[in-house]
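S.K.: If you read the sequences in order, they're chains L and Y.
Using the numbering used here, you'd call the opening residue of the first sequence number 6 and step up by one each time.
Using the numbering used here, you'd call the opening residue of the second sequence number 6 and step up by one each time.
Because the hints were derived from the structure by calculation, they are not lab data.
Just so you know, even glycine gets a beta-carbon here, dropped at the ideal spot from N, CA and C.
Some hints could be false.
[Unchecked claim] Now the in silico label distances, taken between C-beta atoms and shown as ranges:
#1 L332/L / G135/Y: 55 to 63 Å
#2 E36/L / K208/Y: 29 to 37 Å
#3 R304/L / P227/Y: 54 to 62 Å
#4 Q176/L / E169/Y: 46 to 54 Å
#5 A331/L / R19/Y: 30 to 38 Å
#6 P18/Y / L337/L: 49 to 57 Å
#7 E319/L / K148/Y: 54 to 62 Å
#8 Q176/L / R173/Y: 51 to 59 Å
#9 R173/Y / Q200/L: 49 to 57 Å
#10 P18/Y / E319/L: 39 to 47 Å
#11 R33/L / G135/Y: 25 to 33 Å
[What the hints assert, rightly or not] Covered by chain L, per the in silico footprint, the following chain Y stretches (three or more residues, Cβ under 8 Å):
#12 112-125
#13 137-151
#14 286-298
Number of protein chains: 2
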Amino acid sequence: MNKACPLPLRQYPRVVMGHGGGGRLMKRLIEDLFMAAFGTSAKEAHDAAVLPGTDGDRLAMTTDSYVIHPLFFPGGNIGTLAVYGTVNDLAMVGARPLWLSAGFILEEGLEIVTLWDIAVSMKEAADRAGVKIVTGDTKVVEKSKGDGIFINTAGVGIVPEGREVHPRAIQPSDVIVLSGDLGRHGMTVMAKREQLAFDQELKSDCAPLAAMTERLFREGIPVHCLRDLTRGGLACALNELAEASGRQIQVREASVPVSSSVRSACELLGLDPFYVANEGRCVVFVPADEADRTVRVLRATGEGRGACVIGSVEDRTPSVVVLKTALGSSRLLDMPEIEQLPRIC
Amino acid sequence: MNKACPLPLRQYPRVVMGHGGGGRLMKRLIEDLFMAAFGTSAKEAHDAAVLPGTDGDRLAMTTDSYVIHPLFFPGGNIGTLAVYGTVNDLAMVGARPLWLSAGFILEEGLEIVTLWDIAVSMKEAADRAGVKIVTGDTKVVEKSKGDGIFINTAGVGIVPEGREVHPRAIQPSDVIVLSGDLGRHGMTVMAKREQLAFDQELKSDCAPLAAMTERLFREGIPVHCLRDLTRGGLACALNELAEASGRQIQVREASVPVSSSVRSACELLGLDPFYVANEGRCVVFVPADEADRTVRVLRATGEGRGACVIGSVEDRTPSVVVLKTALGSSRLLDMPEIEQLPRIC
């Protein structure tokens, strides 16, 4: 190859788990390796690509691979997640999701009935989300060259004319609305994986968010930006948005809802719910005078019934995320170097 | 789950390598499991889905995962393949490929420079094929839960108004034009994998075919059907088309070009070049009176310089593939139960 690899090889000459964790290390791999090789700009980084169209409506495209372990968990399975995760990435750019592709990498020895259950779940999830699985592919690898099943879905949707939902559109004095409580998906999967029994049963929040975000647009709310809170949780999502928008973000810790079951599980495992993955939660950036209406519209949907205002965008530098604690002090809600939880999606 | 799995579980209760091999077993998994679960019809089976559009142009979407082993081979690598393979699936429905997504599943321990070389190859391949990689995703799995790198690409393209390229469009008396000699990709990868040294160096045929097929359309050739000859090779592709079109296909064995190096490698390994995977070859179904022009147009392109007529569509039943041997006898060119070569793409 003529092009020299620009990554600092001395530090990480090989892929480590943290390269897939949603933190700073993954960000560097994406920006310094993939974007450098593909010639794309970090400024374009968003949950889905919005492609130029001939008329006012534009096409959006996104993809995600799913390697979650274990395959089944309370509230869903790898198939449900593969549908909702990709639908949600489309919703986050203001798109109406339409079509999905599904690529399966199966490990020799996977039980056929397991595959069937996953495929049936995908159909149910696609029906609920209003999308069609239109094309697919199946590959098989030898035992111990895979892990049961990996699924990739790519999604295509339409961004209607006039919708400009992007980190660039974030304005000083915007308020940040969170669609529901944090950490259910990550803690449910961790509890299942580690076979922990908690007093209160945990259930993943995984859900399709497109109907909920569509409601915001239909009500005429001027949505500036949307972001779902998957790998790396609320903290990583807000850090990405602070950097991409060049704005400082402030979050009131006491305003962020976390259920008691998630809080107990996090305490037991030494985890911070702000960094735990969600699969049915997003933040919505809207002008301050639209905050109440946004919360009301979100709460009227099933997926957004726990919506509340958690913070605001400030007209100051640096572009970091500041957490205002219940005691009135401030601290940095930093981007972690690596992930807390591997293979959570 | 309420729906019962319709596959004959007694025969294959677990996934075996053959479920990914392009043969009859994979076909059953796709039709009896995925299509049954997703509620899609086998009649729609094509290399890409052609989606309804508002005006004359329609959107096409396709996906493939790539699990080839080894990752690098003479003529390309897993990245080149991931771009060309998906571009070619779009070309086979008459689409102009436009955008690709790229999903990476990395195994812990993969060398970063290897990933860089693959990513750079993908950019070069995308440039050559005239497509853009617009969105991506990275996941990491623990050592021995993957195999270096798996790549999924999904592709989106536009099928211009008036193009109806489909197995259903195959007509009796159509002739079948093959775009070049058979078996290079499969035998190159097998030779590399098994560390076999052959007298003549083998090189994969992997190449983007969209510019070549676009030329056919621009010359006004009434193309009825296109199919690339990947997993399962020419034999599986023609069997699928015979079944999907309900027509009998006849192939003259002596007309099918196979290089001496591929022939020697096949003999050594006990393989039949008609069943070996290609990554830069396709068959073109056209009316008999367009055969000469089709060959001429294909030969004027780099990718189709070895084009020749290899057979025809017959107005008789059953819808099978009949091979006319050099000695004048006939035999069935059957669909194999399982693959000859695992993880060839």
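S.K.: Each hint: holds or not?
M.R.: Outcome of the hint check:
{"no.": "1", "hint": "L332/L / G135/Y: 55 to 63 Å", "result": "holds (59 Å)"}
{"no.": "2", "hint": "E36/L / K208/Y: 29 to 37 Å", "result": "holds (34 Å)"}
{"no.": "3", "hint": "R304/L / P227/Y: 54 to 62 Å", "result": "holds (58 Å)"}
{"no.": "4", "hint": "Q176/L / E169/Y: 46 to 54 Å", "result": "holds (49 Å)"}
{"no.": "5", "hint": "A331/L / R19/Y: 30 to 38 Å", "result": "violated (53 Å)"}
{"no.": "6", "hint": "P18/Y / L337/L: 49 to 57 Å", "result": "holds (53 Å)"}
{"no.": "7", "hint": "E319/L / K148/Y: 54 to 62 Å", "result": "violated (44 Å)"}
{"no.": "8", "hint": "Q176/L / R173/Y: 51 to 59 Å", "result": "holds (53 Å)"}
{"no.": "9", "hint": "R173/Y / Q200/L: 49 to 57 Å", "result": "holds (52 Å)"}
{"no.": "10", "hint": "P18/Y / E319/L: 39 to 47 Å", "result": "violated (59 Å)"}
{"no.": "11", "hint": "R33/L / G135/Y: 25 to 33 Å", "result": "holds (30 Å)"}
{"no.": "12", "hint": "112-125", "result": "holds (count 12)"}
{"no.": "13", "hint": "137-151", "result": "holds (count 13)"}
{"no.": "14", "hint": "286-298", "result": "violated (count 0)"}
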